[in-house]
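Could you put the whole structure together from the sequences, leaning on the hints where they help?
Protein sequence lines correspond, in order, to chains A and B. So the first sequence is residues 1 to 481, counted in the UniProt record's numbering. So the second sequence is residues 1 to 481, counted in the UniProt record's numbering.
Simulated from the structure, these hints should not be mistaken for lab results. Ideal Cβ placement from N, Cα and C applies to all residues, glycine included. Treat the hints with caution; some may be incorrect.
Stated by the list, open to error - Think about it this way: if two alpha-carbon atoms lie no more than 20 Å apart in a straight line, the pair counts; the simulated EDC-like pairs of lysine to aspartate or glutamate are:
(1) A:K346 with B:E223
(2) A:K206 with B:D205
(3) A:K395 with A:D470
(4) A:K11 with A:D470
(5) A:K346 with B:E192
(6) B:K206 with A:E223
(7) A:K346 with B:E228
(8) B:K418 with B:E342
(9) B:K373 with B:D391
As the list claims (entries may be wrong) - Pulled from the structure, derived: some chain B residues nowhere near chain A, Cβ distances all over 12 Å:
(10) P33
(11) D121
(12) R204
(13) G226
(14) G263
(15) G279
(16) Y370
(17) R379
(18) D387
(19) R451
Number of protein chains: 2
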Amino acid sequence: MLTYSFQNMGKDSLYEYLYKCIRSDILAGRIRPGEKLPSKRSFARNLGVSVVTVESAYAQLAAEGYIDSRPRSGYYAAHISQELLTPSGAGPREPGPAPTRRELPERAEGEEAAEEKTEIDLVSGSTDPAQFPFTIWARLMRTVLADRRRELMARAPGGGVPALRQAIADYLRQYQGMDIGWEQVIVGAGTEYLYSLLIQLLGRDKIYALEDPGYGKTARVYESHGVETVYIPMDQAGVQTGRLRESEAAVMHISPSHHFPTGVTTSISRRYELLAWAGERPERCIIEDDYDCEFRLAGRPIPSLQSIDRQGRVIYMNTFTRSLTPTIRISYMVLPKRLGEEFQRKLGFYSCTVPNFEQYTLAEFIRRGYFEKQINRMRNYYRARRDELLDALGKSPLGEQVSIEGADAGLHFLMRVKTDRTDGELTERAAGQGVKLSCLSQYCHGTVPDRSVRGQVIVNYPGLTPGRADETVRRLERAWL
Amino acid sequence: MLTYSFQNMGKDSLYEYLYKCIRSDILAGRIRPGEKLPSKRSFARNLGVSVVTVESAYAQLAAEGYIDSRPRSGYYAAHISQELLTPSGAGPREPGPAPTRRELPERAEGEEAAEEKTEIDLVSGSTDPAQFPFTIWARLMRTVLADRRRELMARAPGGGVPALRQAIADYLRQYQGMDIGWEQVIVGAGTEYLYSLLIQLLGRDKIYALEDPGYGKTARVYESHGVETVYIPMDQAGVQTGRLRESEAAVMHISPSHHFPTGVTTSISRRYELLAWAGERPERCIIEDDYDCEFRLAGRPIPSLQSIDRQGRVIYMNTFTRSLTPTIRISYMVLPKRLGEEFQRKLGFYSCTVPNFEQYTLAEFIRRGYFEKQINRMRNYYRARRDELLDALGKSPLGEQVSIEGADAGLHFLMRVKTDRTDGELTERAAGQGVKLSCLSQYCHGTVPDRSVRGQVIVNYPGLTPGRADETVRRLERAWL
Chain A
1 MLTYSFQNMG KDSLYEYLYK CIRSDILAGR IRPGEKLPSK RSFARNLGVS VVTVESAYAQ
61 LAAEGYIDSR PRSGYYAAHI SQELLTPSGA GPREPGPAPT RRELPERAEG EEAAEEKTEI
121 DLVSGSTDPA QFPFTIWARL MRTVLADRRR ELMARAPGGG VPALRQAIAD YLRQYQGMDI
181 GWEQVIVGAG TEYLYSLLIQ LLGRDKIYAL EDPGYGKTAR VYESHGVETV YIPMDQAGVQ
241 TGRLRESEAA VMHISPSHHF PTGVTTSISR RYELLAWAGE RPERCIIEDD YDCEFRLAGR
301 PIPSLQSIDR QGRVIYMNTF TRSLTPTIRI SYMVLPKRLG EEFQRKLGFY SCTVPNFEQY
361 TLAEFIRRGY FEKQINRMRN YYRARRDELL DALGKSPLGE QVSIEGADAG LHFLMRVKTD
421 RTDGELTERA AGQGVKLSCL SQYCHGTVPD RSVRGQVIVN YPGLTPGRAD ETVRRLERAW
481 L
Chain B
1 MLTYSFQNMG KDSLYEYLYK CIRSDILAGR IRPGEKLPSK RSFARNLGVS VVTVESAYAQ
61 LAAEGYIDSR PRSGYYAAHI SQELLTPSGA GPREPGPAPT RRELPERAEG EEAAEEKTEI
121 DLVSGSTDPA QFPFTIWARL MRTVLADRRR ELMARAPGGG VPALRQAIAD YLRQYQGMDI
181 GWEQVIVGAG TEYLYSLLIQ LLGRDKIYAL EDPGYGKTAR VYESHGVETV YIPMDQAGVQ
241 TGRLRESEAA VMHISPSHHF PTGVTTSISR RYELLAWAGE RPERCIIEDD YDCEFRLAGR
301 PIPSLQSIDR QGRVIYMNTF TRSLTPTIRI SYMVLPKRLG EEFQRKLGFY SCTVPNFEQY
361 TLAEFIRRGY FEKQINRMRN YYRARRDELL DALGKSPLGE QVSIEGADAG LHFLMRVKTD
421 RTDGELTERA AGQGVKLSCL SQYCHGTVPD RSVRGQVIVN YPGLTPGRAD ETVRRLERAW
481 L
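Quick look at the structure:
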């Protein structure tokens, strides 16, 4: 049986260390593709650790696609082509430790009783701005106003002020294992705006590939800029690279950590296949939209595609609007070095769409550790919202009629409803009871079979007010049972 | 001699009323094109008003192009084609009274002594963020956070939150005589971003005409979006419509109130010619960039092209980033009704690039009258900066070598230098003394003769620190004398 000494584990937790050992053996071929891993119970006994530790390590490896779970059989090492791992031959860079999770008190939960009649929105996924530490933010604003008066007046580089870009680069290095320079970070007012910069940077003559199912707005942004798009179907491991290869696309736009709306996490072997595809032609690249990577509610954060890219083909994107507060509209992208220089040359003339003042404030917010605290606080807040909702479903007769998928990967989950009703009926009847919901089928664009997506409701719960989960489920009972 | 009774003047000042009477007579043809107006002195005696009153009315009429001044001869009614005034035949709509100018104390002026060695930037024109009433803004932010929690979470229309758009529409109606609905107002993070929305709205297949001389960045935005541009030369009355007509352009992008960098105010007859050009073909339109209309330092604000447009061909643009503070990045455009509906249909899917929170705060700031107060305060502040600089020039031997143009129209003026030095030498020698300046020739794009623009230095003074004018002039003496 596999065995590991826990002598060199450093600051890692038991499960993190075990996860890294197994991953390293899989990448090095010491555990061969298809090889069965020890059962959780016997492995735990053998290593002298708890079953939970092994379980957590396996869950993380499975989430990242290093191992596959076969029902009633166990875990097996996945088939990761060795060619895909060359030229460097190395595995993914080690991301830093996940931010520690401090338990902060939740908001008072009584005040919502009067809102019972109002709509419950499980579509938009917008965050309650009252969760934002406004007092700290206002204090930092005053600090910036006092200390940075000269810089506030100066024209900032088009990509954003260096202080913020450096703070973002440092954060990504520490928490996401991304080894980048601040010049590679480009700041802008929202990801849609960054898409438009990318179109100008990469060229309007290229075909942009999008995931199916997928968020329809992304396609609209591209099309509104007169750019040709093509849909590539997804399966359980991510976007189908075979189909991508058949297309003429030069740019693939994906969300590998947590796809919206399917919740799929792109497997590690699919990630390497995508990188291989990008490496085949000089003009190809991948846009990795990591919109809610901070909110994986169980397990360690998954290494970004950017962090395992050795050829400078991945453009990484994320937003503070979602992770922090809709109060600000700040997103950023990380360009490969070569594209970063090209950006400076071709698009550096633009004024940054985010005011300097807000950029310096956010830089201080990150630098002083408030961002990390806020992320942890919000992760707990969202976990509580999700658990409340899942508990309420479990206690309801509705619980028998639904199964939940992807509840750990980020801030939405899929609810598969056993029903003869059409998707249109499901959402309309929910709306009739004051619950706004959408179905997976609404995000389909014709390349995946209809029957595979029917009856799957998307539950986007960040906007759910504390204490309203029972009411939400009662309304759905009235709508659907 | 012309005579007017001052019986129906209502709330207008003497000079405003006189200005309106003469303008109305010119538009109605009662004063014929080319007709000489009475001399200021005799007209004043005849009307029983002061010479200053007549002088102010004439200056305003001249600035707007209703009358021409001929050196050592007097004022003459301009040639405004009557056809151009039809179909409506009416003159421009009356703008409301100008905001009253309250004298607010300036900031302490001693604290800059230590900065003597630092660069003096007369190019970027950025505003000191410390001039912004941050305490009021922060208080309004807290009010919004308390009162608007629900709206802050809701998805706002792509064009911006209705509250802000209504506040802008009300302000424009009151102070600029623009009769518009809030749906016509589109809010975005900076004018460059709004250009990109306009390209998506109007189409990439059209040719966009730009002023020569002109701000080079505008062209770069268009070109970066793959759109064809053409330069149209300017003369003292504005962009040359004859040359515009010879081009294939469908969209004319201009700043008629105060052109950067020439300082030219487009004459009223040229305005009607432009509107006539736009009306000739269904696809034509005019983008009116009114970037510093609030900062006309003498006379009444000039009616916008939008306010005299009867055919829905003018897209009006302005920004709060310049008028209020670089602390926020909020610009807006006013679309003709038909384009407003098209925007909603084609581009309404976009998320607004300005966060809801900032939009509601600005809406309150305008609604409660703080914007008007701030504009007045800043107008005084800028006038003081300009006067300080002009006084310092007057007292300096340099004063003999330069003549000043366009010092009233907005926040920059032209300084014509009597010199044999090239423009490159002028700016380089100034830079050597720590003064950043640019020359008119740097903004030329090949359609105007070089000799006509040589030796004209642009002085963009908003960023000049109080009390540093003498130092600025001393440095320029060392550089140029």
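Taking the hints in turn, this is what the structure says about them:
1. A:K346 with B:E223: With Cα atoms ~11 Å apart, K346 of chain A and E223 of chain B stay inside 20 Å; holds.
2. A:K206 with B:D205: OK: K206 of chain A and D205 of chain B at ~18 Å, within 20 Å.
3. A:K395 with A:D470: holds (9 Å)
4. A:K11 with A:D470: Violated, at roughly 41 Å.
5. A:K346 with B:E192: Within the cut-off at roughly 15 Å; holds.
6. B:K206 with A:E223: holds (17 Å)
7. A:K346 with B:E228: holds (17 Å)
8. B:K418 with B:E342: Roughly 52 Å separates the two Cα atoms, so the pair is violated.
9. B:K373 with B:D391: Violated, at roughly 27 Å.
10. P33: The claim stands: P33 of chain B keeps its Cβ more than 12 Å from every Cβ of chain A (closest is about 43 Å).
11. D121: violated (8 Å)
12. R204: violated (5 Å)
13. G226: About 5 Å separates G226 of chain B from the closest Cβ of chain A, which leaves it inside 12 Å; violated.
14. G263: holds (22 Å)
15. G279: About 28 Å separates G279 of chain B from the closest Cβ of chain A, which puts it past 12 Å; holds.
16. Y370: Per Cβ check, Y370 of chain B is outside 12 Å of chain A; nearest 18 Å; holds.
17. R379: holds (19 Å)
18. D387: Correct as stated: the minimum Cβ-Cβ distance to chain A is 21 Å, above 12 Å.
19. R451: Per Cβ check, R451 of chain B is outside 12 Å of chain A; nearest 29 Å; holds.
Consistency with the previously given hints fails for numbers 4, 8, 9, 11, 12, 13, ordered from lowest to highest.
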